[in-house]
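So the chains spell out like this:
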Amino acid sequence: MTSLSLSNIKKNFGKVEVIRGVDLSVDDGEFVVFVGPSGCGKSTLLRMISGLEDISSGVLRIGGRTVNETPPARRGVAMVFQSYALYPHLNVRDNMGFGLKVRKVPTEERARRINDAARTLKLEPLLDRYPRELSGGQRQRVAIGRAIVGDPEVFLFDEPLSNLDAELRVHMRSELASLHKRLGSTMIYVTHDQIEAMTLADKIVVLRDGLVEQVGTPRDLYERPGNLFVAQFIGSPKMNILPFGSVAKALPGSPGRASHVGMRPEDLTLTDPGSGLVSGRVLLSEYTGASSLLHVELPGGEVFLVAYDGPSIEPDTLLGLTIAPDRLHFFDSDGRRTQ
Amino acid sequence: MAKTLTMRDTTDREKASWLTLKMREAMEAWLFISPTLAGFLIFFVGPLIAVAWYSLTEWNLLTQQATFVGLDNYEDALFRNPDFWHVVRNSVIFAVGLVPLNMALALSLALPLSGRFPGVVIFRTVFFAPVVTSAVAWAIVWKFLLQGEAGFINQILAQIGIDGPNWLREPNWAMAAVIVTRVIKMVGLNMILYIAALQAIPRDYEAAARLEGASGWQIFRWITWPLLGPTTLVIMVITTIGSFKVFDHIYQMTGGGPENGTLVLAFYIYQQGFQFFDVGYASALAMIMFVIVMILTLFQLVLRRRDT
Amino acid sequence: MSVSLTRRRIRLLNRACWTIALCVVAIPFVFPFLWMVSSGFKSAAEIFGSPSLVPREWQWRNFIDVFNYQPFARQYFNSLYIAVTVTTLTLLVSSLAGYALARMRFAGAALIALFLMSALMVPEEVTIIPNFFMMRWAGLVDTHWPLILLPTFGPQGIMATFLMRQYFLALPKELEDAGKMDGLSRLGVWWRIALPMSRPALAAVAIITFLNSWNLFLEPLIFVSSLQKFTLPLALSNFTDPYGMPLWHLQLAATSLAVVPILIVYLIAQRQIIESFALSGVKG
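So the sequence lines, in the order shown, correspond to chains A, B and C. Be aware that the first sequence starts at 1, since it is given in the working numbering, and climbs by one per residue. Be aware that the second sequence starts at 1001, since it is given in the working numbering, and climbs by one per residue. Be aware that the third sequence starts at 2001, since it is given in the working numbering, and climbs by one per residue.
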């Protein structure tokens, strides 16, 4: 069942169009992640769904209702903000209960819901504290708790982990994932971090310049990126791209319309110089513990990234690179995937 | 999947609702701002237009009628009435005396008091205390202290063999007395503005300059003073405009006298308008004051823009 | 070791010099207050006698005569209630307008801001004549209305508006968004989120507005004529004998009564008060 749908949604600030026609439908219980470089419009799109930004044109439906003109609080959505946005003058309990109080939910019902949410998020010992007395991770959980108590149809997350340190971020990521499993609600999540997107999402929406570049499962996007932008945006380190002409000879039977070919660093393997698909000279070898990342300069001047797992390689070493034919990605002159 | 939503049945409604959302925000904003805006129009814009009109009329006290006389009031002020230029001269002397004295003292106090040492808060409190005191009270006390023979100041001077003047009865001394007591009353304000500006200067600059061997004076001259530039400019303009507004202080201390020796523009407007009921002439004076203040404000804006 | 000791000694000496210099400069700032109170206790005869800070004979009577000479208690109360009213109104009006200018999108916002800003610097003297005729036309001369309306909506009120606006602009916007998500109306966001977080700015506006009203002189002088309706500054300037010469002992006693309570509050809350002026000065 469809929980939320966007049809031809547009947004302009004055003459500047920041969202240029987005269509999307989100199923009940789906975890959807909006990802894209900064300025792509992902946060604006989320704020339009929440009602904090008005919609310039198009139709937004939540739970079957058209809600373009509905005020934020009556859309059946709850939002977790990047800065958590906890009211500094209210304690945790009142922060979580504030929305219920405004909506005139009876006191006992309110207390029950706060306690339920607190139990779910292990916040019970913190209920009487003020935001300034909490750690970053605890604030984050309170912000989520505030969203939960309203029992919304859709949860909206605006880069909720970006203010946490690396370790805590990984931890909260897994907590979010398990929370989603437990609640089974629809969640829309904005991030610029593609690892977060890959690990959390049922469905990723890649945005660029106010347009959807591709929608798909993390595996789809990684294994079958729809265009050059997605190919390079998803996956770390970035996919290597070469003009098709420079490797055409070595690739008989490849699609004729292709103009670029892409190879993921982790799909490349080393061979002797001269053999393989391309050859080059090692510029730099970055040892990261689990593996190394080689920067290899090709004769044409392009620098290839290669994930490599083996004995150390000195700079200036010449080597060849090869790849399984089914791991190649072909793109036509418009940057779109062929095959 | 529901990609093909039936758009047709909602399009019209959407158009209308798009307006409502934006219009609702705008309407609420206008409601929020309406008391301020209404007050601004009633008590500022309206009177400003009225005073411009009054300044072109002759006001008859008996019939309460205004007759249009064109620029006659301005001509009166600028060419015919010697009082006007006397008043302008007084206002300029007052400003030229007050502004540099005030600013120099403010900065001299701020430099030591922007630091941290025991007693710094006490000093700041002391120097700021006259600012919160009413100008009338301050003027009453100083007028008392500056009485002719029996005044405290002159008694002290007499003890060291100086025959002090009758401060407030001699035009030049009266002007000096008004300026100095006004500076003492208001310098605290500029002092704390300077302190705030000084404390906003990163300590690293001074440390870096010290490492390069700069002396205290060199640091002030080449680092602190240029960095205070914007603050100095703002303080200068605010203080200058403030000096044109001074009324209560002079009213209480000298009443504009002696021999109109401390009659400044703000006082002159009050005198002409509310003591002599020459509404047209007083309005022309008010317009002149308005123009002076606007020029000073624009001057500051231009300089500030050039700075950034 | 010895070098560092000398250095420390130089620093101490330096500081001592500074402190003494500051103490000397402080004399004309402190002495008038002391002399005012001391003279308020002196008899009419002694007041121009010896320059002694301690009265020969403490004339407590002065402080009773002040109230007999004119309705000083009533005048005191007038100042107090007018200042409180102006402060309350200004807080309300300026924080509403400041919020709209800081946070709401509407056509003409920039123009209105510019418009209001132009009035910031204009002295009351410029518009006082038409304002007088308007008040007379409205039958409000010799009432307290002009003393409430003009400061609330005049340059002082506009300065408060911009002070509030600056403060609102610096508040985290997401908190207000959270309020909207929680179901608050615009008015609700303003009242329950923006205002509680703006206490320093509200305090600054309150302090400056109160003092400004308390010390207001030109408007009372022009609009109020009956003794019963005088405010303090007007009352203070009114202690004269039938020939118009000041009755110094009464005038100074009354001035002490007007100034000392404010000074006491100032001494208690000096940090807050000084910061308020710094905030308004920097922003304005």
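Hints are computed from structural coordinates only; laboratory data are not their basis. The beta carbon of each residue, even a glycine, is placed where N, CA and C say it ideally should be. Wrong hints could be hidden among the right ones.
Claimed, not checked - Selected chain C positions facing chain B (Cβ under 10 Å, derived; list incomplete):
1) PRO2071
2) ALA2119
3) MET2121
4) HIS2144
5) LEU2234
As the list claims (entries may be wrong) - Computed far set for chain C versus chain A, every beta-carbon distance over 12 Å:
6) ALA2021
7) PHE2031
8) GLY2183
9) ILE2193
10) LEU2257
Now the hints, each set against the structure:
Using the Cβ-Cβ criterion of 10 Å, the hint placing PRO2071 (chain C) at the interface with chain B is not satisfied: the shortest such distance is roughly 18 Å. A cut of 10 Å between beta carbons decides the hint on ALA2119 (chain C): the least distance to chain B is about 5 Å, and the hint holds. Taking 10 Å as the C-beta cut-off, the interface hint given for MET2121 (chain C) holds, the closest approach to chain B being about 5 Å. Because the smallest distance between the Cβ of HIS2144 (chain C) and any Cβ of chain B comes to about 16 Å, over 10 Å, the interface hint for this residue is violated.
For LEU2234 (chain C), the interface hint holds, since its Cβ comes within 10 Å of a Cβ in chain B; the closest pair sits about 8 Å apart. Every CB of chain A lies more than 12 Å from the CB of ALA2021 (chain C), the least distance being 43 Å, so the non-interface label holds. For PHE2031 (chain C), the requirement that its beta carbon stay farther than 12 Å from each beta carbon of chain A is met, with the minimum near 45 Å. Consistency note on GLY2183 (chain C): stated as away from chain A, yet its beta-carbon is not over 12 Å from all of that chain's, at 3 Å minimum.
Annotated as non-interface, ILE2193 (chain C) brings its C-beta within 12 Å of a C-beta of chain A; the closest such distance is 7 Å. A cut-off of 12 Å between C-beta atoms confirms that LEU2257 (chain C) is not in contact with chain A; the least separation is 39 Å.
Of the numbered hints listed earlier, those contradicted by the structure are 1, 4, 8, 9.
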